[in-house]
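Taken in order, these protein sequences are the chains called A and B. If you count the first sequence from 1, position 4 lands on 4 in my numbering, and the numbers rise without skipping. If you count the second sequence from 1, position 123 lands on 123 in my numbering, and the numbers rise without skipping.
Please keep in mind that the hints were generated in silico from the structure rather than gathered at the bench. In this text the structure is predicted, and so the values were computed from the model without any measurement. A portion of the hints provided could be inaccurate.
[Stated by the list, open to error] Cut-off 25 Å, straight-line C-alpha distance, at most; resulting in silico cross-link-like pairs (BS3-like, lysine-lysine):
| no. | chain 1 | residue 1 | chain 2 | residue 2 |
| --- | --- | --- | --- | --- |
| 1 | B | K22 | A | K186 |
| 2 | A | K48 | A | K172 |
| 3 | A | K162 | A | K103 |
| 4 | A | K103 | A | K160 |
| 5 | B | K46 | A | K34 |
| 6 | A | K48 | A | K34 |
| 7 | A | K48 | A | K186 |
| 8 | B | K46 | A | K186 |
| 9 | B | K22 | B | K91 |
| 10 | A | K169 | A | K103 |
| 11 | A | K48 | B | K46 |
| 12 | A | K186 | A | K103 |
| 13 | B | K22 | B | K46 |
| 14 | B | K22 | A | K183 |
| 15 | A | K160 | A | K172 |
| 16 | A | K48 | A | K162 |
| 17 | A | K183 | B | K91 |
| 18 | A | K164 | A | K103 |
| 19 | B | K91 | A | K186 |
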Amino acid sequence: MNRLHTYRKLFGSLGLGLGLLFSSGCATEYFVDKGHVDGVGGISFDIKPPYLNEKKAFNLRVENLSPWQLQQISDAMPFIAAFTNAQLGNGISTALLPASDTKVRNIRHIQNLSADTFLAVKTIQNWQITAQQIEFNIDYFYTGQDGHFVYFRDNYIFNKNKQKWVFEKHAKTEPEGVLACEKNPKGWRVCAPLNRAKAN
Amino acid sequence: MQECNIELTRQVQGGGFWDFLKFDSGTSNGAREDGNALGAGCGTVKSDAYVPDMLFGIDVSQACFQHDQSYSTCGFSRLTADTNLSNNILKDCSAQGGNALTCNVIAGVYSISVSLFGASAFNQAQAQSCY
C-alpha cells in the first residue's frame with residue numbers, strides 16, 4: 001500500500017512537472033533553437049539566424065585565439081556562414097550551383113555528389129588571422145553510398161574589403177580531401193586528413 | 001602490491017564494458033568540449049547539456065547535427081530528415097562498433113524524441129530558412 005502511494009506521488013510529480021514544462025512555454029526554449037549570443041574570450045558572437053547551424057560550427061574555443069583574433073572572426077562570421085551555406089548547396093538545383101571553373105572549389109563536383117545527397121558542415125576551424133586576411137578550414141560531411149559518413153576538408157582565405165569579408169582564394173592548390181576519423185580516449189570522433197592519418 | 005586504476009582496467013578489459021556505460025552531452029562548464037557553439041550536436045542551446053551526444057559509448061553528435069541542418073534547409077521534408085537521422089545513427093553506431101541491439105535502442109530513442117518534440121523545431125527552422 002505504501003509502495004502504491006509512493007508510485008502515485010512519483011508519477012503525480014512527474015505529470016505536474018511535464019504539465020508545467022509544456023504549459024509555460026519552457027518547452028519551446030528546450031526544443032527550438034532561436035539562437036543566442038556566445039561570449040568567447042570576452043568577445044561576443046551572434047549565433048543567430050540566418051545560417052544558425054553554420055555559425056554553430058565555428059570552432060572558437062580550442063585554438064587559444066587572442067581577443068583581437070576572435071573579434072576579427074566575429075566580424076567575419078556572417079559572411080563566412082553565408083558562404084558556407086552556399087557551398088553546401090542543399091536544396092539548390094545543380095543548374096544553379098557554381099560552375100566548376102569558378103575560383104571556389106565545389107565539394108559536390110569534387111566528390112561527385114548527387115543533388116539528393118545532403119551535405120552538412122561539421123566544423124570551421126584552424127584559424128590563421130592577420131589584419132586583412134582570415135584563413136581557415138571547413139570540414140564537411142555527408143552520407144556516403146555505403147550509408148556511412150564521409151568527412152571532407154577544404155581550405156579558404158577571406159579578405160577584408162570595405163568592411164565586408166569576401167572569399168579571396170583557396171589557401172592551398174588542393175583541398176585536404178577526405179578525412180580519416182578515429183575515436184579518442186574519451187570516445188569522441190577526431191578527424192585528420194587521410195594522408196596524414198596514414199603517415200601516423 | 002600492484003595498483004589498479006581505470007585506465008589500466010581499460011587496457012586489460014579492452015574498454016568494451018566501460019565504453020558501454022558512457023553517456024555524455026559533450027559539454028562542460030556551459031560550453032561544448034569540441035569547441036563548437038552550444039547546440040552543434042544533439043539538443044538546442046538550452047538543452048545541449050542535458051541531451052546526450054554519446055550513448056552507450058556511441059558518438060551520435062554528427063547524426064544530430066546533420067538532422068538540425070536538414071530541418072534548417074528550406075523545403076526539406078521533416079519525414080525525410082527524421083528517417084535519415086534514424087538510418088544515420090544505425091550506420092554510424094555500427095561503424096563505431098556498436099552491436100545491433102545497442103544501435104537500434106539508440107536510433108529508437110532519438111527517432112521517438114524527434115517524432116514527439118520535433119514539430120516546433122522544424123517549423124521554426126523552416127521559417128528561419130525560407131525567406
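Results of checking the hints against the structure:
Between K22 (chain B) and K186 (chain A), the direct Cα distance comes to roughly 9 Å. Compliance with the 25 Å bound is thereby established for this hinted pair. For the hint linking K48 (chain A) to K172 (chain A), the alpha-carbon distance of about 31 Å lies beyond 25 Å, and the restraint is violated. Distance restraint check for K162 (chain A) and K103 (chain A): the Cα-Cα separation of roughly 21 Å lies within the 25 Å cut-off, and the hinted pair is therefore satisfied. For the proposed pair K103 (chain A) and K160 (chain A), the alpha carbon gap of about 18 Å is at most 25 Å, so the pair holds.
Simply put, K46 (chain B) and K34 (chain A) have alpha-carbon atoms about 10 Å apart, close enough for the 25 Å limit, and the pair holds. Pair hint K48 (chain A) plus K34 (chain A) holds up; C-alpha atoms about 7 Å apart against a cutoff of 25 Å. A threshold of 25 Å between alpha carbons decides the hint, and for K48 (chain A) with K186 (chain A) the separation of about 30 Å lies outside it, so the pair is violated. Of the pairs offered as hints, the one joining K46 (chain B) and K186 (chain A) holds, with about 24 Å between alpha carbons and a cut-off of 25 Å not exceeded.
A distance of roughly 19 Å separates the Cα atoms of K22 (chain B) and K91 (chain B); the hinted pair therefore holds under the 25 Å criterion. Between K169 (chain A) and K103 (chain A) the CA atoms are separated by roughly 7 Å; this keeps the pair inside 25 Å, and the hint holds. For the hint linking K48 (chain A) to K46 (chain B), the alpha-carbon distance of about 14 Å falls within 25 Å, and the restraint holds. Taking the CA atoms of K186 (chain A) and K103 (chain A), the gap is about 40 Å. The hint is violated against a cut of 25 Å.
This hinted pair checks out: K22 (chain B) and K46 (chain B) have alpha carbons roughly 22 Å apart, not beyond 25 Å. Between the alpha carbons of K22 (chain B) and K183 (chain A) the distance comes to roughly 13 Å, so the proposed pair stays at or under 25 Å and holds. The hinted pair formed by K160 (chain A) and K172 (chain A) meets the criterion: a straight-line CA distance of about 19 Å does not exceed 25 Å. Proximity of K48 (chain A) to K162 (chain A) is assessed by CA-CA distance (about 23 Å); at most 25 Å being required, the pair is judged to hold.
A hinted pair counts as satisfied when its Cα atoms are at most 25 Å apart, and K183 (chain A) with K91 (chain B) qualifies at roughly 16 Å. Distance check on the hinted pair: K164 (chain A) and K103 (chain A) sit about 19 Å apart at the alpha-carbon level, within 25 Å; holds. As the CA atoms of K91 (chain B) and K186 (chain A) are separated by approximately 21 Å, the hinted pair is consistent with the 25 Å bound.
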